[in-house]
Amino acid sequence: MLAQIVINGILKGGLYALMAMGMSLIWGVMDIINIAHGSFIMLGAFTTYWLFTLLGIDPFVSLIFSISILFVIGYGIQKYLINLIIRASAFITLILAFGIEIFINNAALVAWTADVRKVKVAYGASNFSLGDWVTIPTVRLLAFMLVIVIGTIFFFILNRTDLGRSIRSTAQDLDAAQLVGVDVARTYALTFGLGVGAAGAAGTLWSILFPISPMMGGILTLKSFVVVIIGGLGSMLGPILGGLTLGVAEAMGSTWFGSTYENLISFTILVLVLILRPKGILGGAD
Amino acid sequence: MKHNALRSFFICGLILIGMALFPLFTNNFIIRFGTDILMFAIMASAWNIIGGYTGYASFGNVVFFGIGAYTTAVLMEKAGFGFALAYASSGLLAAVFAILVGLPVLRLRGHYFAIATLGVAEAMKALVQNLEITEGNSGIYLPMLDMSVRGQYYFFFYMMLATLVACLLTTYILLNAKFGYSLIAIREDEDAANSVGINTTYAKTMAFSLSALFTGFAGSIYAYQQAFIKPEPAFTVHTTVKMIVMAVFGGMGKLFGPLLGAFSIEVISEILSDHFLVAHALFFGTIVILAIVFTPKGIMDIITERKLNVSYFLENIRKHRV
Numbered sequence: 004m005l006a007q008i009v010i011n012g013i014l015k016g017g018l019y020a021l022m023a024m025g026m027s028l029i030w031g032v033m034d035i036i037n038i039a040h041g042s043f044i045m046l047g048a049f050t051t052y053w054l055f056t057l058l059g060i061d062p063f064v065s066l067i068f069s070i071s072i073l074f075v076i077g078y079g080i081q082k083y084l085i086n087l088i089i090r091a092s093a094f095i096t097l098i099l100a101f102g103i104e105i106f107i108n109n110a111a112l113v114a115w116t117a118d119v120r121k122v123k124v125a126y127g128a129s130n131f132s133l134g135d136w137v138t139i140p141t142v143r144l145l146a147f148m149l150v151i152v153i154g155t156i157f158f159f160i161l162n163r164t165d166l167g168r169s170i171r172s173t174a175q176d177l178d179a180a181q182l183v184g185v186d187v188a189r190t191y192a193l194t195f196g197l198g199v200g201a202a203g204a205a206g207t208l209w210s211i212l213f214p215i216s217p218m219m220g221g222i223l224t225l226k227s228f229v230v231v232i233i234g235g236l237g238s239m240l241g242p243i244l245g246g247l248t249l250g251v252a253e254a255m256g257s258t259w260f261g262s263t264y265e266n267l268i269s270f271t272i273l274v275l276v277l278i279l280r281p282k283g284i285l286g287g288a289d
Numbered sequence: 046m047k048h049n050a051l052r053s054f055f056i057c058g059l060i061l062i063g064m065a066l067f068p069l070f071t072n073n074f075i076i077r078f079g080t081d082i083l084m085f086a087i088m089a090s091a092w093n094i095i096g097g098y099t100g101y102a103s104f105g106n107v108v109f110f111g112i113g114a115y116t117t118a119v120l121m122e123k124a125g126f127g128f129a130l131a132y133a134s135s136g137l138l139a140a141v142f143a144i145l146v147g148l149p150v151l152r153l154r155g156h157y158f159a160i161a162t163l164g165v166a167e168a169m170k171a172l173v174q175n176l177e178i179t180e181g182n183s184g185i186y187l188p189m190l191d192m193s194v195r196g197q198y199y200f201f202f203y204m205m206l207a208t209l210v211a212c213l214l215t216t217y218i219l220l221n222a223k224f225g226y227s228l229i230a231i232r233e234d235e236d237a238a239n240s241v242g243i244n245t246t247y248a249k250t251m252a253f254s255l256s257a258l259f260t261g262f263a264g265s266i267y268a269y270q271q272a273f274i275k276p277e278p279a280f281t282v283h284t285t286v287k288m289i290v291m292a293v294f295g296g297m298g299k300l301f302g303p304l305l306g307a308f309s310i311e312v313i314s315e316i317l318s319d320h321f322l323v324a325h326a327l328f329f330g331t332i333v334i335l336a337i338v339f340t341p342k343g344i345m346d347i348i349t350e351r352k353l354n355v356s357y358f359l360e361n362i363r364k365h366r367v
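These protein sequence lines map, in sequence, to chains P and X. For the first sequence, the numbering used here gives the first residue as 4, with consecutive numbering after it. For the second sequence, the numbering used here gives the first residue as 46, with consecutive numbering after it.
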């Protein structure tokens, strides 16, 4: 029983980690709290839904489309909108992100109505048993492994490429990075594109596992906050640790207290971590 | 200078008389619309105390609204209190809650404070959804106000108006006292304020608590007006968003900015939803984006600066782009 709960939590936690990875990157590098993050996840989910429904493209294959489409959207938004006022106080960019969130959600609402939809894949309910008492849903396991792959790619981009070096130097000191020849505007746009692309990937995996609707973004943004705060900013390990912690805590909490307590548990953890360890469980990693 | 002050007082007096007399000459629908504007004006002005003057951008102020609403509902429905007592208790409870939460949370700065307050509000919503005394997600009814229909519209309008005037007056008086200067010092540079001997913990906790007091009052009136409340609209994060957008749109850190913001945002939303049934929120989002890019200092600044030209609107971009 306990093993099953922990495994469910870990599998869902992987998805939480992917959701938070993009948010953590954008927050850490540009000091933008992307309130619209959940809306980008929603766009990723709908990309997969339409590709599956209209063209019959398998959700796991559509991952490549949702990541690239969302990357382009993110790149454009940063380059032509957020970059205009990026040096203003963080509060201003936060409100701007609010505006973007309202815009995207309602555009989706107008285009696709408030209907709750589901990507019905044939293999959706398949699972296998491990030993006598642990059942593992195949799709969730696949999604979890993809999270690890995407996380590794992220890690590689940030730590082993020129782009990654520009991103990290810009995060440390914008003016110094500019002085040594980093194209800051482009780096910011690429960073936002990467973060939003990761949100798109999370959206695709979400749409395979859960029902989707244009208004699904709000709670996902809040969950991403919780994960980013638990893990702390500044490393790829943060969101993973935060995601798994939240996933397991939620799974245990809703089993013992009932699923209506899920949000109470998440947000209590959020507030407690902020008060007790404002830099996340990993501590001063930034 | 003195002449100026006298003139401002005169203008304020005129506006106040205008607002007080206006319900007498119009229909119930407009009075109700005015009541809504006043309610958001209270919340945006109360947010201004902690967000605008003290520089702590609270993203969870709706929690005080919800606490106010639920205190009134529970006290009137379950304990048989009269509205006057329930109203006072609602504000006070919200204020005390703000002190208890503020002491740990106000140690955080910037983003972290914003997210922590958001977390407090969401946790409180989830708690209210699960508690028995608040009747969870099914909501809670309040006793009806025993008055004629017209009388009810008047009652809620003037309650909101009185609360707004009390809020603005308190803010005005405090701003001209040492306390107000402490808040602005904290906003400009908290460490410096600390080093010159300002008790910053006391000042910002009091500011948070005052902000909660008036937001709680607004919640109390709202609950009595609705006669039925549920956790989702009472604690929704959208209310927080609305009060912040109004404060910013009107002018943060200016006494009348939030009032002006509440008025313009409500009127704009109303016109939009009249003309575009489905897409009005889409336009609303566009307005928020345009306003924050081109006029981050708010309408109040445009009115007082009187320098309306292209370069005024491009100033923000020129200063802050990369």
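These are computed hints drawn from the structure, not numbers from a lab. One or more hints might be untrue.
[Claimed, not checked] Short, incomplete list of chain P residues facing chain X, as computed with Cβ under 7 Å:
(1) Ile36
(2) Tyr83
(3) Asn86
(4) Asn109
(5) Phe270
Each residue gets a CB set at the ideal place from its N, CA and C atoms; glycine is no exception.
Taking the hints in turn, this is what the structure says about them:
Annotation: interface hint on P:Ile36 holds; nearest CB of chain X at approximately 6 Å, less than 7 Å. The closest approach between the C-beta of P:Tyr83 and any C-beta of chain X is roughly 11 Å, which is over the 7 Å cut-off, so the hint fails. Hint status for P:Asn86 relative to chain X: holds, with the closest Cβ pair at about 5 Å, below 7 Å. The interface hint given for P:Asn109 holds, since its Cβ lies 4 Å from the closest Cβ of chain X, which is under the 7 Å cut-off.
Hint status for P:Phe270: holds, given a least beta-carbon distance of 4 Å to chain X, under 7 Å.
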